[in-house]
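There are 2 protein chains.
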Amino acid sequence: MLSGMSAPYELFYWPEIQGRGEFVRLAFEEAGATYVDVARKPGGMNAMMNLMKPRSAGVSPFAPPFLRHGPVIVAQTANILFYLAPRLRLVPQGEKSRVAAHQIQLTIADLLVEVHDTHHPIASALYYEEQKAAAKKRSAVFLRERMPKYLGWLEGILEGDSSWLLGRRMSYVDLSAFQVISGLSYAFPNAAAKMKRRAPRLWALHRRVEERPRIARYLASPRRLPFNESGIFRRYPELDLPRGG
Amino acid sequence: MLSGMSAPYELFYWPEIQGRGEFVRLAFEEAGATYVDVARKPGGMNAMMNLMKPRSAGVSPFAPPFLRHGPVIVAQTANILFYLAPRLRLVPQGEKSRVAAHQIQLTIADLLVEVHDTHHPIASALYYEEQKAAAKKRSAVFLRERMPKYLGWLEGILEGDSSWLLGRRMSYVDLSAFQVISGLSYAFPNAAAKMKRRAPRLWALHRRVEERPRIARYLASPRRLPFNESGIFRRYPELDLPRGG
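Residue numbers (my numbering), protein chains in the order written: chain A, 4 to 248; chain B, 4 to 248.
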């Protein structure tokens, strides 16, 4: 069923940010898988850009991240994780579980677009400073309505007696939820402190992921890039709620 | 492999817009499948809202569209199509083709978010009139940079000798590309007329889809809702390029 079992996993992503690539890195790290983070190696950026050129047959990636695994190239973060998860044993077997996991991952992907647009509501190609007024308005709506809606939905899934989003066993979507909470806590520390009180199960899940031995080792290693103001989650204090707010 | 073959397909989506539900409707229509467009039936909106409530076990949809097929509920448009396509014979068999199709569909999903944000760059919950200044700025960047980037990528896939995005046979992503071109031509007629000259293969694909007998019958039927100013693709002339521009 799962072809290319012995081929190496090559991840292609921008070398200086966590960004969307981080969701794939976390899956590899938790699984203890060997992978190459290609663009962080010498010559890797060229290799990445070459693979994005139009090809005479087949579909080139529209944007990083993408994965090369033997003859298969998979682009789009959620698609990469859908492909990898059964191979890394990070999702229960069966179509129903995979569909549920994918729904959660795609909803997280939608959230990420909205997080990005808090600081870039007009255009990715413009500087933040050129769209700061719109960014303030969009961030206010995001923190007041959208973040609570998304995180409330995730919190709702954790109600009842399940420790993890898919039930009794950890899966890749828990790693993704961890990354979202980490990022929101970095970008909007005041709003996140407030949200934590409304979504305690989600913050508890975040802590459980953080303490898993392989994830803890990864987070302490140089492989984990720090958050910064070039990624999706950016700390611009003027976009956060006021302290204690 | 494909469970629930005999259960009915029930689509849940807002009853008054094409929106994201339309991508699923087009797949059903092209396949000649029997489906229920639940929220357009009496009592259907209640049924839809009930299914979105948090459940004691499992994952409720975050938002429409979602599909119920026997015991399985699938949310997120691209996930629904990934689930349906092999059942409706709208994708070649094999993981490699399914992964490539899904990448295209997810990239189209990203484009749809950007189209929506041309008229709602600050907040979905506010009226267009309340964010018109930002909408003009965002639309200008969308038409100048983003639309050509996305459509140029799709056009690039069609170069060489393939008539369809996955090669020799039509698949569900061609239906989705058709819908994107239809929507952009409705929302931005001037910009679309200009773009057509740069992406002739994509417009030829649009015409081939439109002329398929089942699609042509569907488009002429009352099941096809008209475009309007409540959906993703909205015609606000002030956001388009000037005529001949």
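Just so you know, these hints were derived from the structure itself, not from any lab. Check each hint, because a few of them may be wrong.
Where chains are identical, the list cannot tell them apart; a pair therefore holds if satisfied intra-copy or between any two copies.
Computed list of lysine to any residue pairs in SDA-like fashion (alpha-carbon distance at most 25 Å, straight line) [stated by the list, open to error]:
(1) K56 x R43
(2) K99 x A50
(3) K56 x R200
(4) K99 x P57
(5) K197 x A126
Would you pick out the hints that fail for this structure and give their numbers low to high? Per hint list: zero violations.
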